[in-house]
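Protein chains in written order, with this note's numbering: chain A, 1 to 427; chain B, 428 to 861.
I should point out that these hints are in silico values taken from the structure, not numbers from a laboratory.
Glycine included, each C-beta is placed from N, C-alpha and C at the ideal position.
A few of these clues could be false.
Some chain A residues close to chain B (C-beta under 7 Å, calculated; not the full set) [unchecked claim]:
{"#": "1", "residue": "T211"}
{"#": "2", "residue": "W232"}
{"#": "3", "residue": "V400"}
{"#": "4", "residue": "V406"}
{"#": "5", "residue": "L414"}
{"#": "6", "residue": "A417"}
{"#": "7", "residue": "I418"}
Just so you have them, the derived chain A footprint on chain B, three or more residues with Cβ under 8 Å [as the list claims (entries may be wrong)]:
{"#": "8", "segment": "645 to 654"}
{"#": "9", "segment": "787 to 797"}
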Amino acid sequence: MSDTDKPKQDDAPVGAPVDVADDSTADTRADAGADAGADREARSRSMLREIASGDALSGVLAVFLAVFVGSVMIAATDDGVRETLSYITARPSDFFSALWDAISGAYSAMFRGAVYNNLVTDPAQQWRPLTETLKFAGPLILGGLGVGLAFRAAMFNIGGRGQMLLAGGAAAWIGFRFDLPMIIHLPLAVLVGMLFGALWGGIAGLLKARTGAHEVIVTIMLNYVGYYLVFWALTKEWLLATPGSVNPKSPPMKDSAILPKVLGDRFNLHFGFIIALVAVAVVWWLLNRSTLGYRIRAVGENPNAARASGINVGRTYTVVMMLGGALLGLAGVNQVLGTVTSGVSVDIDAGIGFDAITVALLGRSRPLGILAAGILFGAFKAGGFTMQASENISVDLVLVVQSLIVLFLAAPPLVRAIFRLPAQEAK
Amino acid sequence: MSTTMDRPTPESGGLAPDDAVTPTRTAGRRKLPTILGVVTVLLGLRLLTTSRSGDTTFRLAVDSDFAKLPDAVLPSSATAWLMLVVCLALTAEAVRRMLARSRQPLWLPIVFALAWMIGFLSWEAAGSRISIVSLLAGAIALAIPLVFGALGGVLGERAGVVNIAIDGQLLFGAFAASITASLTGSPWAGLVAAMAAGALMALVLGLFAITYFVDQVIVGVVLNVLVVGLTNFLFRQVLTPNAESLNSPERMRGLPIPVLGDIPLIGPIFFRQPALVYVLYVIVALVAWSLYRTRWGLRVRAVGEHPKAADTVGIKVNRTRYRTILLAGAIAGLGGAYYSLVSVSGFNREMTGGAGYIALAAVIFGKWDPIRATLAALLFGFAQNLAGVLSSIGAQIPPQLLLSLPYVITIFAVAGLVGRSRPPAADGVAYRQQ
């Protein structure tokens, strides 16, 4: 692809591969940056300045802004608020107390659902919401790692849904089909799930490596291919269908394939969260301490420079997508063998495939950042369900706040403009 | 510039194939014979591994036709085998032309597709009746929103803005159309609101992608999630309690065109549609014509292919991009109205069912060209409808296989296995004035 692409390279500054300016990766930057032109260097510096000066402030303001929009949505759809608004000039205090009731009611319900419930007396039950948060956080962290790892190689893994479905389906097949001792059964189901996730993600990496096909398109399309594949498997008794049932749902998992509970049967928190913690550590080590991680970062920063310095770019793409797919596969396994053990269906991914993208973005593709972002969004999820149950506010509000946080975080200048902060100095 | 570490948004660099890897190219000459061969073998395997008897009835007329065409009754298995022979012959002809290094004519794949489809349908529908009109009219009905979405996608991407958020635009258009049509009592007001909603989404996309240089793929993905959350939230909190006043629009009925609608076969398929579909015919023609034949179209393509050159000759790159995606958003939003005003009356949670992603597939499979993208959307609509029709007559083809077809062939298309799809050069790349 050569000659025809040259002009594009020249006038496409932001399309150029991503630079790395983190201390842990400074070595790579020096290495690959050598090839880049002077204008790229200048741009890097100006961007660095922009981040150094008050990006954290923008981050806090972004979260604040998103929560504010969420509050407006709660208030605008609350009956009490709208009622008192009609006579706001006569008795403004009514309006403001209704407003306060609606918003504080919603957020305290979220807190009760996500962290600490003060309405029950049993101390164990009081902290139960926190375990729910961690339960929801497990697959989000695993998925976020899968997406974030690909981001580090400047690749987009939009295919979380398909990878989770395939992995979940495969793990479920092992999980209900065989009778094995737990020590073999559970690891086997987990590994087979990971393998299928890796294969499904690897297709996108391999196609990019061999044909240059863009992974965004391929992974989006593979989501649907995977969906219909699992759907089809759910109609075949030798695959996933429950004998004698027309419901597209598999039989429940055998006990020997179910992830054990961490804190006993009173809490839903299962070993999936521990797996997620281990995965955080492994991915951190992989990215920051291993040769492969070095290659991944180098390719992510500048694939041309990486190739010039002897890294097999195509192979790195394939490996990264396989690893990402395996991690998202783990998220799917986590759902099937931990959270919803009654059988796999086509909605087993529960939107996590896409949530994982927001988790990775919020966590800025760093393993520890993803851990924190995953727990935050897990708390949103756990709290959202309580909010829906007790305050009758749709849990979908969480999706709105989540996506707004990511949008605002992605555009610090916009947030600065909204709050009329001084603009960053020009480059 | 920073990184995935310091900045939450890495950059996809548009949807162009990566130049850091050396793609293996399949020879263009071998493409058509290969595809025809593979498809013929598939039909042959189907015929060899299963058995059918009886007749297949193809209904060509509907009851209201002015002049009725008779039903075509064909012996299932003989027809299928005959058509297989025709397919083999056509494949041989394609191979001969490849070896003789002569051009492959356009009629060859068309005749092949017809023969293959007749053979396949008469085999699978042995002993039952297939209405050709409802097969094709149903395909059109499923394809309409896809065509709207694909046109919106083509326009945006030709101007250099990747729009993953087509699904969000469709969904938001459906939502706005339903509410507005219910409040005003006029579906036409609903259509206007749908266009405004789609354009509003495009404005947000432009704000982040054009003005603030956020990666367009990320904005698109996040916008889709945002719209799903927003419409689900409002549906539960506002629309469901007030369904009578806010979510019961008047449905747009079919509006037969006097003479054209009476033509047998063609009339019931194309000209007995709701008004929105006629609007679509006009839009397809307008977009295709203006993109290639007007100064505006030249500018749009210029900022999508080489923004710096366009800037140098005085075209305002980002202003052109904004205008184009607003128009594209309005078109996609209009497609959303089809869901809540034509297919059914009223909005429902996530009612587009991911159609925006099929529209995106049509954009890519249609090689970023309005007419080809429209044809791709029609093909995908046909595949979807065929799945439904076949499973309703009890054929043993898994419907999931047909439903996944659009996605599979799009993957083949981007991988260069069935005609290489190349996006506009600056697709997905924000333009910063120097």
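Going through the hints against the structure:
no., hint, result
1, T211, "holds, 4 Å"
2, W232, "holds, 4 Å"
3, V400, "holds, 4 Å"
4, V406, "holds, 5 Å"
5, L414, "holds, 5 Å"
6, A417, "violated, 9 Å"
7, I418, "violated, 12 Å"
8, 645 to 654, "holds (count 8)"
9, 787 to 797, "holds (count 3)"
Violated hints, in rising order: 6 and 7; the structure is consistent with all others.
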